[in-house]
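Enquirer: Sequence:
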Amino acid sequence: MKKDTLQNHTKIANNIMYYIYTHIEIDIDLEELSRQVGVSKFYMHKIFKEVFEKNIYESIKSIRLQKAASLLLTNPHSTISEIAHECGYSSHSSFIKAFKSRFEFSPKKWRDGAYKEYSNGILSASNISLNSRLDFSTLTPKIVKTQAIESYYIRNKGYLQNIKQTWQKLYTLVLNNDIQKYRQIALLHDNPTITPLNECQYIACIVTEESREILEQRVPKFSISQGVYAKFDLQGYGEDLLRFIHWVHHNWLPNSDYETTTKPSYIEYHENNYLNDTDYFDISYYISVKF
Numbered sequence: 117m118k119k120d121t122l123q124n125h126t127k128i129a130n131n132i133m134y135y136i137y138t139h140i141e142i143d144i145d146l147e148e149l150s151r152q153v154g155v156s157k158f159y160m161h162k163i164f165k166e167v168f169e170k171n172i173y174e175s176i177k178s179i180r181l182q183k184a185a186s187l188l189l190t191n192p193h194s195t196i197s198e199i200a201h202e203c204g205y206s207s208h209s210s211f212i213k214a215f216k217s218r219f220e221f222s223p224k225k226w227r228d229g230a231y232k233e234y235s236n237g238i239l240s241a242s243n244i245s246l247n248s249r250l251d252f253s254t255l256t257p258k259i260v261k262t263q264a265i266e267s268y269y270i271r272n273k274g275y276l277q278n279i280k281q282t283w284q285k286l287y288t289l290v291l292n293n294d295i296q297k298y299r300q301i302a303l304l305h306d307n308p309t310i311t312p313l314n315e316c317q318y319i320a321c322i323v324t325e326e327s328r329e330i331l332e333q334r335v336p337k338f339s340i341s342q343g344v345y346a347k348f349d350l351q352g353y354g355e356d357l358l359r360f361i362h363w364v365h366h367n368w369l370p371n372s373d374y375e376t377t378t379k380p381s382y383i384e385y386h387e388n389n390y391l392n393d394t395d396y397f398d399i400s401y402y403i404s405v406k407f
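Residue numbers (our numbering): 117 to 407.
Check each hint, because a few of them may be wrong.
Label-pair distances were calculated between CB atoms; the ranges are [stated by the list, open to error]: (1) Asn367 x Glu148: 20 to 26 Å; (2) Glu166 x Gln296: 34 to 40 Å; (3) Gly354 x Glu174: 30 to 36 Å; (4) Phe158 x His386: 44 to 50 Å; (5) Glu329 x Glu141: 31 to 37 Å; (6) Gln277 x Glu169: 19 to 25 Å; (7) His386 x His208: 31 to 37 Å; (8) Ile244 x Glu148: 35 to 41 Å; (9) Tyr234 x Asp393: 33 to 39 Å; (10) Asp251 x Glu148: 45 to 51 Å; (11) Gln296 x Ser372: 34 to 40 Å; (12) Ser217 x Glu325: 43 to 49 Å; (13) Gln296 x Lys232: 45 to 51 Å; (14) Ile259 x Lys216: 32 to 38 Å.
It should be emphasised that the hints constitute simulated quantities derived from the structure, not laboratory data. Quantities reported herein were computed from a predicted structural model and do not represent experimental measurements. Backbone N, C-alpha and C fix where the C-beta goes; we use that ideal spot for every residue, glycine too.
Make the full structure from the sequences, and use the hints.
Expert: The following block contains the structure:
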């Protein structure tokens with residue numbers, strides 16, 4: 117496959133995935149989706165399977181269930197039916213059946229504690245200990261309202277060390293085009309306390325006003341959603357970030373009186389551990405909240 121064709125297919129597939137994640141709360145109309153991405157329905161299915169190695173229907177179902185599993189933990193004041201509806205399920209019974217098939221527990225048992233072994237196992241499967249030298253309980257977020265952020269991005273499958281190669285590619289674009297002012301942001305489409313790390317969608321982004329025409333020829337762009345977020349500032353090393361996200365979802369949110377939404381969390385890097393030799397990071401972490 118020619119390089120231009122590959123880039124075009126990747127861009128179309130990324131646009132499909134972005135649409136799914138940003139419309140997960142509704143009954144996604146695939147005819148409308150094909151119109152949005154500008155290709156026929158047949159071609160849309162073909163390209164998506166070619167790039168992501170799974171079909172669109174499987175992806176929609178998987179994303180909905182992952183979002184629901186996360187909200188069942190973080191939104192204790194929402195009923196199971198409300199969460200099912202927020203994740204695109206119009207039938208309570210079909211949601212219960214699908215959830216139990218995916219996670220081996222009913223939503224009620226999951227919420228009552230069955231999630232703990234499953235969630236802890238995700239980190240331990242990657243040899244990541246939950247023990248941290250950092251005391252996250254001392255962290256207090258600031259509630260902020262943000263505007264939409266237009267960004268240029270590369271999608272990375274996995275919250276693992278392969279992220280480093282993705283950031284190196286974006287950084288090469290920055291250097292090649294002598295971009296002086298830019299922000300580094302990572303959009304976390306999936307909750308790594310619920311989704312196996314090798315399946316998570318991590319989106320490495322740069323935000324800049326420079327060399328826009330050149331960037332648009334090389335990488336796709338999208339907007340990170342505006343909204344109300346809890347903003348945490350954190351410094352640490354490597355795996356501390358996954359431990360922190362685990363703490364936010366398992367400890368802070370359930371005890372905060374806030375609930376989260378289906379909007380993905382994102383990270384702004386002030387020091388990017390994937391672009392240095394020390395593994396040190398300095399970040400602001402944003403998680404969508406409502407009260």
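Enquirer: Now tell me, hint by hint, if it's right for this structure.
Expert: A quick look at each hint next to the structure:
{"no.": "1", "hint": "Asn367 x Glu148: 20 to 26 Å", "result": "violated (39 Å)"}
{"no.": "2", "hint": "Glu166 x Gln296: 34 to 40 Å", "result": "holds (37 Å)"}
{"no.": "3", "hint": "Gly354 x Glu174: 30 to 36 Å", "result": "holds (32 Å)"}
{"no.": "4", "hint": "Phe158 x His386: 44 to 50 Å", "result": "holds (45 Å)"}
{"no.": "5", "hint": "Glu329 x Glu141: 31 to 37 Å", "result": "holds (34 Å)"}
{"no.": "6", "hint": "Gln277 x Glu169: 19 to 25 Å", "result": "holds (21 Å)"}
{"no.": "7", "hint": "His386 x His208: 31 to 37 Å", "result": "violated (44 Å)"}
{"no.": "8", "hint": "Ile244 x Glu148: 35 to 41 Å", "result": "holds (40 Å)"}
{"no.": "9", "hint": "Tyr234 x Asp393: 33 to 39 Å", "result": "holds (35 Å)"}
{"no.": "10", "hint": "Asp251 x Glu148: 45 to 51 Å", "result": "holds (48 Å)"}
{"no.": "11", "hint": "Gln296 x Ser372: 34 to 40 Å", "result": "holds (39 Å)"}
{"no.": "12", "hint": "Ser217 x Glu325: 43 to 49 Å", "result": "holds (47 Å)"}
{"no.": "13", "hint": "Gln296 x Lys232: 45 to 51 Å", "result": "holds (47 Å)"}
{"no.": "14", "hint": "Ile259 x Lys216: 32 to 38 Å", "result": "holds (36 Å)"}
The structure is inconsistent with the numbered hints 1, 7, although it conforms to all the rest.
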